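Trainee: Residue numbers (this note's numbering), protein chains in the order written: chain A, 30 to 526; chain B, 30 to 526.
If you're looking for bench data, these hints aren't it; they were derived computationally from the structure. The structure presented is a predicted model; accordingly, all values stated were derived computationally and were not measured. Heads up, a few of these hints could be off.
If chains are identical, the list can't say which one is meant, so a pair holds when it fits in one copy or spans any two.
As the list claims (entries may be wrong) - No more than 25 Å apart at the CA atoms, straight line, and that leaves these computed lysine-lysine pairs for PhoX-like:
{"no.": "1", "residue 1": "K423", "residue 2": "K384"}
{"no.": "2", "residue 1": "K285", "residue 2": "K408"}
{"no.": "3", "residue 1": "K41", "residue 2": "K68"}
{"no.": "4", "residue 1": "K200", "residue 2": "K408"}
{"no.": "5", "residue 1": "K453", "residue 2": "K68"}
{"no.": "6", "residue 1": "K431", "residue 2": "K194"}
{"no.": "7", "residue 1": "K408", "residue 2": "K68"}
{"no.": "8", "residue 1": "K457", "residue 2": "K431"}
{"no.": "9", "residue 1": "K384", "residue 2": "K41"}
{"no.": "10", "residue 1": "K68", "residue 2": "K200"}
Number of protein chains: 2
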Amino acid sequence: MATEEKKQETVKPRLLKGFRDIFSAEYLARRWMVETVRKVYERYGFVPIETPALEYVDVIGKYLPDCDKAEEGIFAFRDSDQSWVALRYDLTAPLSRLVAQYPNLPHPFRRYQLGLVWRDEKPGLGRFREFYQFDIDTVGSASMAADAEVCMVICDALQALGFAKGEYLVKINNRKVLNGVLELAGIPPVDDKGEFTAQALTTLRAVDKLDRLGFKGVAELLGPGRRDESGDFTRGAGLTAEAIALIEKYLGISGKGREEVLRSLAELVATSPMGQEGVAELREMCELLSAVGYDSTQVTVDPTVVRGLSYYTGPVFETVLTVPCRDEHGEPRQFGSIFGGGRYDSLVERFLGEKMPATGVSCGLDRLLEAMRLLGRIKTPKATSQVLITTMDKSLMAHYQKITHDLRRAGIACEMFLGQGNIKKQLKYADQWDIPLAIIIGSNEMARQEVTIKDLRKGRELASKIEDRETWKKAEQIQVTVPLSDIFSKVQEMLKI
Amino acid sequence: MATEEKKQETVKPRLLKGFRDIFSAEYLARRWMVETVRKVYERYGFVPIETPALEYVDVIGKYLPDCDKAEEGIFAFRDSDQSWVALRYDLTAPLSRLVAQYPNLPHPFRRYQLGLVWRDEKPGLGRFREFYQFDIDTVGSASMAADAEVCMVICDALQALGFAKGEYLVKINNRKVLNGVLELAGIPPVDDKGEFTAQALTTLRAVDKLDRLGFKGVAELLGPGRRDESGDFTRGAGLTAEAIALIEKYLGISGKGREEVLRSLAELVATSPMGQEGVAELREMCELLSAVGYDSTQVTVDPTVVRGLSYYTGPVFETVLTVPCRDEHGEPRQFGSIFGGGRYDSLVERFLGEKMPATGVSCGLDRLLEAMRLLGRIKTPKATSQVLITTMDKSLMAHYQKITHDLRRAGIACEMFLGQGNIKKQLKYADQWDIPLAIIIGSNEMARQEVTIKDLRKGRELASKIEDRETWKKAEQIQVTVPLSDIFSKVQEMLKI
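Take these sequences, add in the hints, and give me the full structure.
Mentor: Spelled out as structure tokens, the structure:
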């Protein structure tokens with residue numbers, strides 16, 4: 030009865046749906062990824078900034094792809110002043126706020142930012158409501174060199190992570206080309222204020238689904254509308270058959286190299302000034318890329334890339350992994366875009382009343398991490414300790430502490446066992462954390478001024494394939510006893526530092 | 030009129046009070062600090078974890094020092110399921126939730142965590158509503174070796190940051206000693222459930238204000254109460270004069286070394302078993318510290334350290350900088366505790382219904398950063414670029430891009446100027462970002478296959494002290510023209526890489 034009463038008083042430890050704890054193996058893998066990409070961002074001279082997690086709702090607005098429903102979207106609430114505030118849903122909206130707020134910032138302002146973002150969306154497999162974004166953006170430059178640079182950064186980052194040429198592909202396009210096609214099809218792409226017309230936006234979002242639906246599905250969305258497998262109906266853009274045919278022709282354009290695709294695009298939009306401008310911008314980017322050796326196996330012009338966000342005004346980028354990737358069940362796994370972005374020359378306008386050129390890209394850290402994990406390319410450990418100093422005899426604690434201390438001073442990350450339990454339990458702890466070595470000193474070793482060093486890593490390897498007595502005997506060799514004075518050299522040798 | 034209309038439509042870019050943007054100079058300084066401390070945490074074998082920013086309110090509770098008023102405290106709101114959720118206010122409450130939620134975690138669980146926390150408190154000078162904490166904790170170990178280790182980590186971290194012995198002091202104490210004193214003064218420190226009595230908690234919080242109020246103020250808070258300068262009255266603990274005298278005697282204990290203080294404390298609480306237990310725990314910690322050479326210039330026993338939080342159950346730690354620090358106006362500046370923490374064996378009890386030993390410390394990154402800045406010990410730059418490649422002649426863009434690319438390949442962080450404007454404006458940009466070198470190539474240089482490299486860093490130094498024509502002449506020497514083929518060696522030489 031007393032126990033039950035106690036149980037009723039306790040709180041159930043739990044997390045919000047779509048939120049998660051990150052343990053050391055994943056943390057250390059992500060950290061390695063972030064530091065590798067960061068080095069590339071910094072080599073390009075992008076400077077880091079941080080903005081707060083909370084922003085005023087009217088300030089950051091709500092620019093989310095495919096997010097029209099009111100119940101989807103952001104975590105918003107009233108603060109103590111009764112103002113609506115929200116957890117940021119991306120890093121681009123806060124950047125545009127920042128650029129408007131500090132007019133004396135040197136321009137171009139080229140910044141990188143790593144930060145958590147929050148979306149109050151339905152969580153799903155691999156889809157979380159809290160996740161990291163890792164962005165670079167150049168604000169205050171209308172130059173296509175800024176857009177070309179984004180492509181270079183993506184290639185360099187992926188190659189720094191170990192992806193070879195041919196294992197990834199940066200796909201570029203330009204919204205102005207698609208706008209040109211719309212113009213030719215008789216659909217005004219933008220209104221008097223320079224904003225997308227509803228029909229153009231519906232068209233854009235339909236085209237963005239090409240990967241998922243194929244052209245048949247896209248054509249339905251461009252025309253009268255589409256009913257999906259669940260029976261839900263999505264209203265279409267209501268384009269004519271001629272317009273749809275022109276868009277199909279545009280989406281079908283491909284070629285051997287960037288120049289061939291650009292020629293075909295130029296031909297298609299020959300009579301649209303906006304379309305021609307888009308092709309010229311792409312050409313300028315490609316010339317800079319070619320000048321420094323980024324070829325079409327790395328960066329390709331792809332008319333099907335349009336991006337779902339309405340605010341892009343020029344070049345758009347997507348990046349896919351082309352190396353085949355299989356999940357734990359051996360099934361092929363696709364990851365979507367792992368670096369996506371584009372140019373958005375109008376986003377700061379809501380604050381300043383005038384346009385300010387800006388372009389950038391966001392790295393999808395979670396997708397990239399999952400892909401690299403499935404590809405077996407994550408080499409980071411689970412523990413930080415290299416050695417566990419076991420504590421068998423509590424009367425020797427000062428001695429154990431001294432050995433631990435000296436190893437740390439020698440630069441070896443290690444820990445002294447601080448829990449309760451016999452040697453078996455202590456070694457199990459080391460195994461649970463994948464700690465490579467354990468040091469064992471009992472009163473006998475102490476009297477002889479010796480230490481026993483156990484190679485737990487080798488032990489775990491052998492344990493996974495032990496079949497006969499011979500192998501067992503070998504397993505015996507995974508521990509050595511050496512004089513106390515040899516401890517550093519032996520540990521270093523066994524760790525192969 | 031049109032302009033006015035436009036202005037009315039714009040949104041004012043602004044932040045919530047107590048929130049801030051962090052720019053590169055501060056970001057890079059903090060990053061250096063974090064990475065330095067992280068290396069120490071990892072050398073001790075602490076493993077990193079991350080927990081979400083949002084937690085259920087009933088799960089994380091509200092353990093804040095001196096926070097009894099309802100309007101102060103945390104950012105809480107109802108989520109889409111109408112549950113009360115909050116932005117975490119520290120990293121300890123989420124850790125205790127995590128430990129309870131994953132019963133199969135190997136124990137002891139020794140983790141570090143770096144993360145933002147949010148407090149809905151009145152912002153003030155240097156007091157923000159969003160800030161970082163950087164904690165280590167050992168859960169599942171009752172050993173005083175875990176507490177001694179916390180002290181070692183603090184010393185190692187501060188020394189890694191460049192503080193010499195004697196420039197900082199870790200002050201330790203044990204709640205059980207104070208409880209022993211309360212017992213002797215006839216005040217029951219804890220109730221049947223092992224929780225602090227109201228009188229004991231008021232006493233604790235009064236003693237915690239010794240630094241600020243002096244003993245006279247503390248005595249008022251221990252007795253009938255205290256009226257502050259603003260006229261506000263705080264009710265006191267209502268202790269007798271004898272009890273207050275005993276506490277004064279306890280707080281006055283000091284000595285030459287740790288052993289002397291421990292002897293005086295042992296004497297004072299000689300007849301209190303709880304007090305004796307506290308002294309014995311402190312002695313055990315001190316023996317381990319002495320065994321590995323952390324002396325009383327680094328770690329001292331200080332009876333005045335009690336910490337304001339109610340959940341500490343044993344050893345408590347505070348760390349002060351003892352190196353004199355002055356602000357921009359030459360006024361002495363105190364920083365309070367920069368590493369604070371203690372043992373909290375009961376915090377997980379709310380989930381599990383039973384105690385689980387735990388101890389740890391939190392690093393006050395903001396205070397530490399501000400102190401190091403005022404001490405002139407921050408050496409990190411403002412920009413990441415080492416070189417700005419100016420773009421005077423737009424027809425040479427591919428050439429500029431090639432030089433930029435080659436420098437990056439050689440490991441030199443650099444950027445090509447991507448904005449608008451003449452060479453003067455471009456060099457001003459480099460000065461605004463403190464970029465050390467600029468490369469200038471016009472059509473003349475191009476024709477001769479040369480580059481001009483300008484040492485902007487030296488230029489800025491000279492500009493700050495130019496007085497006469499001679500110095501001006503020297504200033505002329507801050508730029509050199511070299512053959513294009515010598516660019517890397519010359520840049521490296523000028524950067525002294």
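Trainee: Let me make sure I understand: some of the numbered hints might not hold for this structure. Which ones are they, in numerical order?
Mentor: The structure conflicts with hints 2, 3, 4 and 5, although it agrees with all the remaining ones.
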